[in-house]
Every structure is written in C-alpha cells, then in structure tokens.
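From first to last, the protein sequence lines stand for chains A and B. Residues 1 to 87 (my numbering) make up the first sequence, in order. Residues 1 to 195 (my numbering) make up the second sequence, in order.
Worth flagging that the hints you see were computed from the coordinates, not collected in a lab. One or more of the hints may lead you astray.
Calculated lysine-lysine pairs in the DSSO-like style (CA-CA distance at most 30 angstroms, straight line) [unchecked claim]:
| hint | chain 1 | residue 1 | chain 2 | residue 2 |
| --- | --- | --- | --- | --- |
| 1 | A | K71 | B | K34 |
| 2 | B | K74 | A | K71 |
| 3 | B | K81 | A | K65 |
Which bits of chain B does chain A cover? Going by a derived footprint, with three or more residues having C-beta under 8 angstroms, they are [unchecked claim]:
| hint | segment |
| --- | --- |
| 4 | 84 to 97 |
| 5 | 118 to 125 |
| 6 | 158 to 167 |
Each residue gets a CB set at the ideal place from its N, CA and C atoms; glycine is no exception.
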Amino acid sequence: MLTCKQVSKALAETDYQDLPAWKRCMLRFHVTICFVCGKFNTNIMLFQDMARAFRRHEEDAITEKAPEQAKAKWARTIESNISAKDA
Amino acid sequence: MKKEKEQPKPPTPPSEWVAQYSDYLYRYALMRLKDPINAEDAVQETFLAGIKGLDQFDGRVDVKYWLRGILRNKIVDYIRKNTREHPVNNDDGQDIVESYSFQMFGITERAPKPWQFAPEREFEKGEFWQAFEQCLSKLSDTMRQAFVLKMVDGMDSESVCKALNIQPNNLWVLNHRARAQLKNCLESNWDREED
Numbered sequence: 001m002l003t004c005k006q007v008s009k010a011l012a013e014t015d016y017q018d019l020p021a022w023k024r025c026m027l028r029f030h031v032t033i034c035f036v037c038g039k040f041n042t043n044i045m046l047f048q049d050m051a052r053a054f055r056r057h058e059e060d061a062i063t064e065k066a067p068e069q070a071k072a073k074w075a076r077t078i079e080s081n082i083s084a085k086d087a
Numbered sequence: 001m002k003k004e005k006e007q008p009k010p011p012t013p014p015s016e017w018v019a020q021y022s023d024y025l026y027r028y029a030l031m032r033l034k035d036p037i038n039a040e041d042a043v044q045e046t047f048l049a050g051i052k053g054l055d056q057f058d059g060r061v062d063v064k065y066w067l068r069g070i071l072r073n074k075i076v077d078y079i080r081k082n083t084r085e086h087p088v089n090n091d092d093g094q095d096i097v098e099s100y101s102f103q104m105f106g107i108t109e110r111a112p113k114p115w116q117f118a119p120e121r122e123f124e125k126g127e128f129w130q131a132f133e134q135c136l137s138k139l140s141d142t143m144r145q146a147f148v149l150k151m152v153d154g155m156d157s158e159s160v161c162k163a164l165n166i167q168p169n170n171l172w173v174l175n176h177r178a179r180a181q182l183k184n185c186l187e188s189n190w191d192r193e194e195d
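Can you make the complete structure from the sequences, with help from the hints?
What follows is the structure in structure tokens.
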C-alpha cells in the first residue's frame, strides 16, 4: 500500500500515465479512497491529463502562423547555409 | 515469419523546412518564450543547427520532431541564460514546504475546491485550448516556464531546476501556484463561453 507522501512524490516526479501499470493501479486506488490526499492528488492527475491533451492539440492545430517576413528571412538563411555547406 | 526491417525515410530537404515546419516551430517557441523576436531567433538558430547536424539525422523520428528537439534545447538555453540574469527568489513559498501537511503527506491542503466544470470533457474543443493558452500567458514568466517545461514538455525535475536556477521545493511551489491560478482563470473564462 502506498502512503500519501509516496503518491505525492510520484506525482511530483512523473506523469502518472508513465508509471508501471501496477503502480498506476495502486495510485488510483489510493486517491479514490484517501480522505487526506485524495482530492488534492486527483487534481494534480487532472492537470497531468490536461497537459498531455494540450501536447496533442499543440501538434495538430496551427492556430498562429509565423510572420511572412520571418519566413522569408529563414528561407534566405537556409539557402545561403546550404550553398555554403555544399561549396 | 520474417519481419521486414522498415527503411528510415529520407529527411525532408532543408529547402522545404520553412514551408512545412516553420509555423509549427514558431508557435511552439512563441508559446514557451512569449516574445515574438526571441521565438523568431530560436527558430532561425534551430534551422541553422539542423543544417549543420543533418548528417547525423538517423531517420528514427520525423524531421519535424527532430527539429523540435533542437528547438527545445535552444528554448531551455534561452531560459537558463535569462534566469541567470534575473534569478528567482528561492525563499518564496518556504512556509508551504515547511507546513505540517507538506512534510507529512506531500500536499498543502486536504481538499482543494472542486472544479466548477469538468475540464476533461472539453479537451476535444479547440476553444478550450485557446482559453488555456490565454490563462497560461497570464502567469508570471517563471511560473509559466516551470509549468510548461515540467508538465507539458515532461522534462525531469532536475533539468527544470537547472534551467530555472531554482531548488526542487521551489519548483513544486511554482507548479502548485500555477495549477491554482490556471484553475481560477479557466473557471472564470470558460464558464462565460459555455453559457
């Protein structure tokens, strides 16, 4: 059985989804029944879920495009560096 | 049965990087650095490092994620440099980590207030993430960086502490405060949009 402190420490170090299955089960069980740390640590797990979902969203959604001026500058830099490398 | 070995895909040529990846990389940098000029510079340096290191590209991941890896290191370097110039007060939040409930249970309060809505039901909505990013940008720089590096980018605590030049307890306090402020902000912003 995990103690509250062990649960809190594990959650401070790692995303609970990355823990081994047995530890994840023990942790879930603990926060579900624990009246001391349950609500607090469930909230941390919710934020870990949120951060993971945001990471997925960030990969798929381009909500902000790079300025055209910057793109032109990058293209010039790349071009001159490729030719310098090839030379 | 003999499994055919998958051939690594040839990398996208650098001449196509701007068209294919620059929007993604720029947004990634802007979300973490907040400043458009720094974000532009970070992307520029990433492309340069990418061209230099292209010979070492082994095709195990897509070029997009390979470049993102380089960009993340650039961002961490930038943050490290910045926190050396403007150090964070490490004594802030000492009362929290010295409290009985933190020492005994690793928590600050037994029962934080319940959420006014269930955020996990909103994860598929693009508007929710807009609100999330707005709330994130309202946090102080150090708090935002602590939250993003640790929670979103999944860096280990030791590396985050090194980048931000802070103690592990301080990282815990920063993340605790970031969660509390994000929750408050999301509750006030998101409810309005829903009703």
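Do the hints match the structure? See the list:
no. : hint          : in the structure
1   : A:K71 / B:K34 : 18 angstroms, holds
2   : B:K74 / A:K71 : 19 angstroms, holds
3   : B:K81 / A:K65 : 27 angstroms, holds
4   : 84 to 97      : violated (count 0)
5   : 118 to 125    : holds (count 3)
6   : 158 to 167    : violated (count 0)
In summary, the numbered hints that this structure violates are 4, 6.
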